[in-house]
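Q: Residue strings, one per chain:
2 protein chains.
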Amino acid sequence: MTVSIPALITEMGSAARQAARALAWSSGESKNLALEAMARILLEQTGPLQTANALDLAVAQSKGLEAALIDRLRLTELRIREMAAGIRQVIALPDPVGAIENLSRRPNGMQVGRMRTPIGVIGIIYESRPNVTADAAALCVKSGNAVILRGGSEAYHSNRAIATCLAAGLAEAGLPAAAIQFVDTTDREAVGALLSLSQYVDVIIPRGGKELIKRVMQGTTIPVIKHLDGICHTYIDRDADLAMAAELTFNGKMQRTGVCNATETLLVHEAVAAAFLPPMARRLHEAGCELRGCDRTREILGDTVPVVVATPEDWDTEYLAAILSVRVVPTLTEALAHIEAHSSRHTEVIVTRDHARAMRFLREADSSAVMVNASSRFNDGFQFGLGAEMGISTDKLHVRGPVGLEGLTTLKYVVLGEGQLRT
Amino acid sequence: MTVSIPALITEMGSAARQAARALAWSSGESKNLALEAMARILLEQTGPLQTANALDLAVAQSKGLEAALIDRLRLTELRIREMAAGIRQVIALPDPVGAIENLSRRPNGMQVGRMRTPIGVIGIIYESRPNVTADAAALCVKSGNAVILRGGSEAYHSNRAIATCLAAGLAEAGLPAAAIQFVDTTDREAVGALLSLSQYVDVIIPRGGKELIKRVMQGTTIPVIKHLDGICHTYIDRDADLAMAAELTFNGKMQRTGVCNATETLLVHEAVAAAFLPPMARRLHEAGCELRGCDRTREILGDTVPVVVATPEDWDTEYLAAILSVRVVPTLTEALAHIEAHSSRHTEVIVTRDHARAMRFLREADSSAVMVNASSRFNDGFQFGLGAEMGISTDKLHVRGPVGLEGLTTLKYVVLGEGQLRT
Numbered sequence: 441m442t443v444s445i446p447a448l449i450t451e452m453g454s455a456a457r458q459a460a461r462a463l464a465w466s467s468g469e470s471k472n473l474a475l476e477a478m479a480r481i482l483l484e485q486t487g488p489l490q491t492a493n494a495l496d497l498a499v500a501q502s503k504g505l506e507a508a509l510i511d512r513l514r515l516t517e518l519r520i521r522e523m524a525a526g527i528r529q530v531i532a533l534p535d536p537v538g539a540i541e542n543l544s545r546r547p548n549g550m551q552v553g554r555m556r557t558p559i560g561v562i563g564i565i566y567e568s569r570p571n572v573t574a575d576a577a578a579l580c581v582k583s584g585n586a587v588i589l590r591g592g593s594e595a596y597h598s599n600r601a602i603a604t605c606l607a608a609g610l611a612e613a614g615l616p617a618a619a620i621q622f623v624d625t626t627d628r629e630a631v632g633a634l635l636s637l638s639q640y641v642d643v644i645i646p647r648g649g650k651e652l653i654k655r656v657m658q659g660t661t662i663p664v665i666k667h668l669d670g671i672c673h674t675y676i677d678r679d680a681d682l683a684m685a686a687e688l689t690f691n692g693k694m695q696r697t698g699v700c701n702a703t704e705t706l707l708v709h710e711a712v713a714a715a716f717l718p719p720m721a722r723r724l725h726e727a728g729c730e731l732r733g734c735d736r737t738r739e740i741l742g743d744t745v746p747v748v749v750a751t752p753e754d755w756d757t758e759y760l761a762a763i764l765s766v767r768v769v770p771t772l773t774e775a776l777a778h779i780e781a782h783s784s785r786h787t788e789v790i791v792t793r794d795h796a797r798a799m800r801f802l803r804e805a806d807s808s809a810v811m812v813n814a815s816s817r818f819n820d821g822f823q824f825g826l827g828a829e830m831g832i833s834t835d836k837l838h839v840r841g842p843v844g845l846e847g848l849t850t851l852k853y854v855v856l857g858e859g860q861l862r863t
Numbered sequence: 441m442t443v444s445i446p447a448l449i450t451e452m453g454s455a456a457r458q459a460a461r462a463l464a465w466s467s468g469e470s471k472n473l474a475l476e477a478m479a480r481i482l483l484e485q486t487g488p489l490q491t492a493n494a495l496d497l498a499v500a501q502s503k504g505l506e507a508a509l510i511d512r513l514r515l516t517e518l519r520i521r522e523m524a525a526g527i528r529q530v531i532a533l534p535d536p537v538g539a540i541e542n543l544s545r546r547p548n549g550m551q552v553g554r555m556r557t558p559i560g561v562i563g564i565i566y567e568s569r570p571n572v573t574a575d576a577a578a579l580c581v582k583s584g585n586a587v588i589l590r591g592g593s594e595a596y597h598s599n600r601a602i603a604t605c606l607a608a609g610l611a612e613a614g615l616p617a618a619a620i621q622f623v624d625t626t627d628r629e630a631v632g633a634l635l636s637l638s639q640y641v642d643v644i645i646p647r648g649g650k651e652l653i654k655r656v657m658q659g660t661t662i663p664v665i666k667h668l669d670g671i672c673h674t675y676i677d678r679d680a681d682l683a684m685a686a687e688l689t690f691n692g693k694m695q696r697t698g699v700c701n702a703t704e705t706l707l708v709h710e711a712v713a714a715a716f717l718p719p720m721a722r723r724l725h726e727a728g729c730e731l732r733g734c735d736r737t738r739e740i741l742g743d744t745v746p747v748v749v750a751t752p753e754d755w756d757t758e759y760l761a762a763i764l765s766v767r768v769v770p771t772l773t774e775a776l777a778h779i780e781a782h783s784s785r786h787t788e789v790i791v792t793r794d795h796a797r798a799m800r801f802l803r804e805a806d807s808s809a810v811m812v813n814a815s816s817r818f819n820d821g822f823q824f825g826l827g828a829e830m831g832i833s834t835d836k837l838h839v840r841g842p843v844g845l846e847g848l849t850t851l852k853y854v855v856l857g858e859g860q861l862r863t
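Chains as they are written, first to last, in the working numbering: chain E, 441 to 863; chain B, 441 to 863.
This is chain E alone, in the form it adopts within the complex (with noise of 0.2 angstroms):
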């Protein structure tokens, strides 16, 4: 006999609902013992681990994946250990459940507040790392929802013998193995499915490129939280310490350059342009940095470095590569124009040394995380001091910025009476 994919996914979320009831008001040690056998288990089965994960690299090899998409897919030893340690740290973070907030009293008596709570049943829907099932999967137990993963085909078989892992820990520790299901299934009807389930799952959190984003928006009445790339900016203003600023452009563009809060472009106030711009150029060419630059800009380096002429297409792309867009502005207006026509909202810096200069770009630019003197880079869970994250939302409603425990709970009020009637 088989099950239909929508039967089948209707029952994972119906047995997902029941588990985050029971997940939901476990206590913190109940979910780090869970967490912690979780951690155990994944570095017990490494071996068994890369045979699965054996399965998916013959199949990318087979269909010629590009080298960096097979090298993302690989578990290692200590790609696993790394799992292991996440899960970890998960565990040391404090349990977010149940703190009640701002407990007032009203004027006839009845103290208001309001308590945090696990939302409830979480659909991920991801693509390759294999990593983010163990990571998705610890916060989500942390903050005591239960998950259901839906991940990218190519990592099928390691995806489901991580899962499986995972869930033994949780039915090790007495809480129940179906807060962590994966959907056993490369069929793409699943993720209809899915996005359908709106009687079971309180918000979807797709994970991935923009094709699956816009995929998972359109098909779904389910609340969604967003996680979509970076184009972040880097703003050096008229009065700038052009030597940090040299760094901060530096670090913000090549520390790392194919993750989401890299500096893509480059803004220079034009009354340092010509003093900033030569130095910076030749330090980004030599580390093997691509430019593209407006005309001024081009104007400004003359035959200093190569930099192709930028295109309007330029300002709106995530290049996730050693390429910098250039573009020379003549007032602290025109930036925060530039950002507010082409930003992602993910990232804004500005280098400056004038307190009412910062003060107005930390208003006005309208991204999930605004700086001053700091790397773009900075735009981070671990960096915020969040412990951990799920990605980082774009979205403005319900959480901006890295998604850890407190983005995966929400607040009902409580009210505390003594009989109080409403008159």
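Hints listed in this document are in silico derivations from the structure and should not be mistaken for laboratory results. The model shown is predicted, which means the values in this text are computed figures rather than measured ones. All the given hints hold, so there is nothing to weed out.
Pairs count within a copy or across copies, as identical chains cannot be separated in the list.
With a cut-off of at most 30 angstroms between alpha-carbon atoms, the simulated DSS-like pairs for lysine-lysine come out as follows:
id, residue 1, residue 2
1, 503, 654
2, 666, 650
3, 654, 666
4, 650, 503
Got chain E; can you put chain B on it based on the hints?
A: Just chain B, lined up with the frame of chain E:
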């Protein structure tokens, strides 16, 4: 030359986005001046507002609308004074924009915190009552958001006249009038166009019946803050003070019946049902409340008062009328399971003297407000001390319960550095 409706709405969206940028960082003082001008102009225009309203009333009467609906539509002098008073209450509230929370120092010396900012452009799609136009616009202005208002066709002339007064108030205070725009057509195509405007509209708030809300959710990829109806429960525990329980039940059901926070289902622990139900039923019956009971309830009540057999649909119905469904439950666990299965996640009340049972109910009942020994009627922005509200969200993400100024804002990360680089 006629402009197509999608082109008209797109133009409004573009103007709203520009106005939102200007309004976002206007001072609290100028926002309050605008609100005061809005209130004053509404009062000055009482005559013209009533003339516009008479057009809507004439259409409603010719269509044979119910008397209650026509009454909701009517703009009496008192109601216009109440609208102005509502705006003045919003003036008295603190400006939420710009506060920075939890600014803390990271190990590398960076300060990381979160700044409260406006959401941007809010689209409100609502039915009937014209006062919503003024209430919603006032909250949006105070929280620094631009608003596009799409009212129901029944109140078209009234809403348009009110919105004109409000935009005039903005202009008088030197703020952009386009921060309050009214969709000046009753054509339904305008709703579809507004729901497609994801490049300009940051959140959609539908206010009205379930059909409207369902249509909005299915027709948009823009985040939605929902104001659904309430199937609220009052649970009388075995350890309840029965005199208090009777007052809270009566107040929760009968203080006002046509509202979302009225109690629709009474759950009674079987240990107290025989003592509690007969006098309670008599009192409700004498006040004109119809009762619909489970078998056990009908057995206990016998011939005391007429009790209709509750059908399965009754547990899922929001009566918005003097009707109460009653169920006897054997345990607190069963009461929580009933709530989990049938609640619209609006408001749940437990009446008990037992601390542990109160705490368990507070934790496990998963609704926007959960109360111990207080009337369900208290789930309301004014009662909770928010000052004013857009409605009550039954969503889990971003905001639950009454949506006041805070619910119309969002938090972005701010980082104050001194040249920190990522290593």
